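K.L.:
First residue of the sequence shown: 1073, per this note's numbering; consecutive thereafter.
Check each hint, because a few of them may be wrong.
Said to hold, decoys possible - Derived Cβ-Cβ restraints for the label pairs, each shown as a range:
| id | residue 1 | residue 2 | range |
| --- | --- | --- | --- |
| 1 | 1124 | 1181 | 22 to 28 Å |
| 2 | 1153 | 1187 | 27 to 33 Å |
| 3 | 1117 | 1156 | 17 to 23 Å |
| 4 | 1140 | 1199 | 38 to 44 Å |
| 5 | 1083 | 1187 | 35 to 41 Å |
| 6 | 1187 | 1163 | 16 to 22 Å |
| 7 | 1079 | 1159 | 31 to 37 Å |
| 8 | 1123 | 1083 | 18 to 24 Å |
| 9 | 1107 | 1140 | 17 to 23 Å |
| 10 | 1076 | 1184 | 24 to 30 Å |
The set of hints was computed from the structure by calculation and includes no laboratory data.
Keep in mind the model is a prediction, meaning the values are calculated, not measured.
We treat Cβ as the ideally placed atom computed from N, Cα and C, and that holds for glycine.
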Amino acid sequence: MMGNLNDHLLTDEEEQQLVSTYKEGNYALINANRPENSPDTLECSFELDIVQQFLDYVKSHAEAQGITNVRITVCFGQYPGGYFSPRMKPGNAGHQTVFLRGDDGTNGSCTPIDGLSALDYSNICPPY
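Based on the provided sequences and hints, a complete structural model is requested.
P.N.:
Below is the structure:
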């Protein structure tokens, strides 16, 4: 387990390499089956304040359950083509997303923390 932030930071070059590799590989394959004027999501963003509130929410629930090895898991998903929730922007239908989940990382596993909601409804781009 790496607890040092510097061990997790990417250089600008590493970040660009990851983006380029994704665009040339998986993203190209995903978009090959989509309408030309409707590429899938390339980025998802959350407001910093919302992420901090989520981290505080996860921490308080984990502490209440005695969980000391807490992880934030980034999960990949795709909105259905039709109705999902009134909170979903209509233009997001059919697009991929990521959502954050609080997990118990005890024993190297990632088990969702009981009673904890995940974080979604980010700003996905595209659509813009």
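K.L.:
Determine for every hint whether it applies to the structure shown.
P.N.:
Right, here's what the structure says about each hint:
no.: 1; hint: 1124 / 1181: 22 to 28 Å; verdict: holds (26 Å)
no.: 2; hint: 1153 / 1187: 27 to 33 Å; verdict: holds (30 Å)
no.: 3; hint: 1117 / 1156: 17 to 23 Å; verdict: holds (19 Å)
no.: 4; hint: 1140 / 1199: 38 to 44 Å; verdict: holds (40 Å)
no.: 5; hint: 1083 / 1187: 35 to 41 Å; verdict: holds (39 Å)
no.: 6; hint: 1187 / 1163: 16 to 22 Å; verdict: violated (32 Å)
no.: 7; hint: 1079 / 1159: 31 to 37 Å; verdict: holds (36 Å)
no.: 8; hint: 1123 / 1083: 18 to 24 Å; verdict: holds (23 Å)
no.: 9; hint: 1107 / 1140: 17 to 23 Å; verdict: violated (48 Å)
no.: 10; hint: 1076 / 1184: 24 to 30 Å; verdict: holds (26 Å)
In summary, the numbered hints that this structure violates are 6, 9.
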